[in-house]
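Residue numbers (the UniProt record's numbering), protein chains in the order written: chain A, 1 to 310; chain B, 1 to 310.
Worth flagging that the hints you see were computed from the coordinates, not collected in a lab.
Be aware that a few hints might be false.
As the list claims (entries may be wrong) - Calculated cross-link-like contacts (lysine-lysine; reagent style PhoX-like; alpha-carbon spacing at most 20 Å):
1) B:K221 - A:K277
2) B:K277 - A:K221
3) A:K254 - A:K189
4) B:K4 - B:K81
5) A:K62 - A:K46
6) A:K277 - A:K232
Keep in mind that this is a model prediction, so the values were computed, not measured.
2 protein chains.
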Amino acid sequence: MDQKIYAVIGTGAIGGYYGARLHHGGHDVHFLLNSDYQFVRQHGLKVDSHYGDYSIPADAIKAYNASEEMPKADVVIVALKTTQNHQLETLIRPLLTPNTLVLLLQNGIGGEQALTRLLNIEYTAGGLCFICSNKVGPGHIHHIDYGRLTLGVYGELGMPALTSVANDFHNCGVEVDVENSILDARWKKLLWNVPYNGLSAVLDTDTAQIMACGETVSLVKAIMKEVCIAAKATGSTLDSSLIDIMLNNTAQMKPYLTSMLLDRRNGREMELQYMYKNVLDMAAEQGVDMPRTEALYQQLSFVNRSVANE
Amino acid sequence: MDQKIYAVIGTGAIGGYYGARLHHGGHDVHFLLNSDYQFVRQHGLKVDSHYGDYSIPADAIKAYNASEEMPKADVVIVALKTTQNHQLETLIRPLLTPNTLVLLLQNGIGGEQALTRLLNIEYTAGGLCFICSNKVGPGHIHHIDYGRLTLGVYGELGMPALTSVANDFHNCGVEVDVENSILDARWKKLLWNVPYNGLSAVLDTDTAQIMACGETVSLVKAIMKEVCIAAKATGSTLDSSLIDIMLNNTAQMKPYLTSMLLDRRNGREMELQYMYKNVLDMAAEQGVDMPRTEALYQQLSFVNRSVANE
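Just chain A, with the same shape it has in the complex (with noise of 0.2 Å):
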């Protein structure tokens, strides 16, 4: 697996930027588009970077609009919105082999189990990104900055595959570390990600405004609690020290404007099934109460209703 052959699923702000960086160092990697197709055919994928642009003009990008036209993939990254997942199986199963990496950049909890269960394979790998990239026209990304990525597996048979794209990343540049559990990388990102994007969503709202609030500041914490100790219930050995070193941390922060936020501002549908929906279902399995969490999915999905009217 010296040279991999690469397909990413979604060629939007992370897949466009992380694919680029790995085309950047020389792999071979396939992107599958959308509604960009025929723009990128024409046109090639452009990457304004914090770290240095980088192009890959229309007669070297290998672009499909179709995963049954791609060749079989050593590494699937999946970075469509989770919104998308009812795709995932029809997108991913042309690419497989019986050792292909499927590696989930998505947000949430609970999809590298349910893709395991979909396809039927031995294991999963997920990532978070914690990068400041946007999508600002067709095949062309605009990365802001950062883009570290923490990787892991679920099922631990697949961590030597994971290692080795880890290294692939390394090598192109990219900050990456593999923790030994992708679930308590997903908590420790939901700890944050729950009340900070449902709360800035539902009140239409920056973090600064949450922060500047006395009794927000009080439900984001409860609401942090809630995560923790559903997550410790989940088996995650989630630290509730973190509680308020992440309070801390945010009330230092620049007004930042949350994807959630920005989703709803934008009119796209938001994110709550893996945000919100599979850490109660989690939770709840594990006979876990989380009446705040549930009451900002409850109004998100009111909010998410209109969006989707719109």
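Dock chain B against chain A, hints included.
Chain B alone, transformed into the frame defined by chain A:
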């Protein structure tokens, strides 16, 4: 007390309507005004009512802009919004005799207790207004429909005085009933107000939209359960079978804009202390946790900050 002196504190949609009904019935009614004082002195008070229009001309209305200039009253009707309750002692004290009955026509809970302590009096009466009435201009009330008053006392010694006031309202054509406990009546109204006022304000929506979304219906029901448990813990006889009845009735209502939603949309401070904070405090005193209600209160506090800053 056959011919009582009535003082109306706050001559708006509620105080203006009920004060005018009492005046129409031949009672001696004195109106305290603030911003509308000069206008009403010059033009009188005008009530366009579902039950027939009625005006008190400028040369007949007893209008004041300071309690000190008003006569001592047999009955003080407080019809300010609870957000103005910090002014109550100053406004009421000059009107009191040892036998004055103070009647609070306000939303929420805890007002009678607070006022009884504040004024060091033996009892206070409270009332709930089931009415659709708006102030549409200076000294100009538009009474759209309904008008039933549910009255009760805090402090049993007040019952004879309240019964006499209830008779006055009845004789003036106001539908009125007297409950043994104003607390029971207030909890019953809170059972509806706590979920619908708060959620409609946070989500910026009407009751019909809330009832059209399964998740928000579940949230309304869960909040109602919290209110029921809190009410029972404080000694109320509130019946939890009311929950399904209220949900069904609300689902069949025409789309309704709650008073709290209208306050938000019109940039007015929302009545959080008496409708939420007092409820949470009373529950906490009994060791009852209301996580969803508290989360809603915390969100509303955030919204109120924005309203106050605009």
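A quick look at each hint next to the structure:
1. B:K221 - A:K277: holds (19 Å)
2. B:K277 - A:K221: holds (19 Å)
3. A:K254 - A:K189: holds (19 Å)
4. B:K4 - B:K81: violated (25 Å)
5. A:K62 - A:K46: holds (14 Å)
6. A:K277 - A:K232: holds (17 Å)
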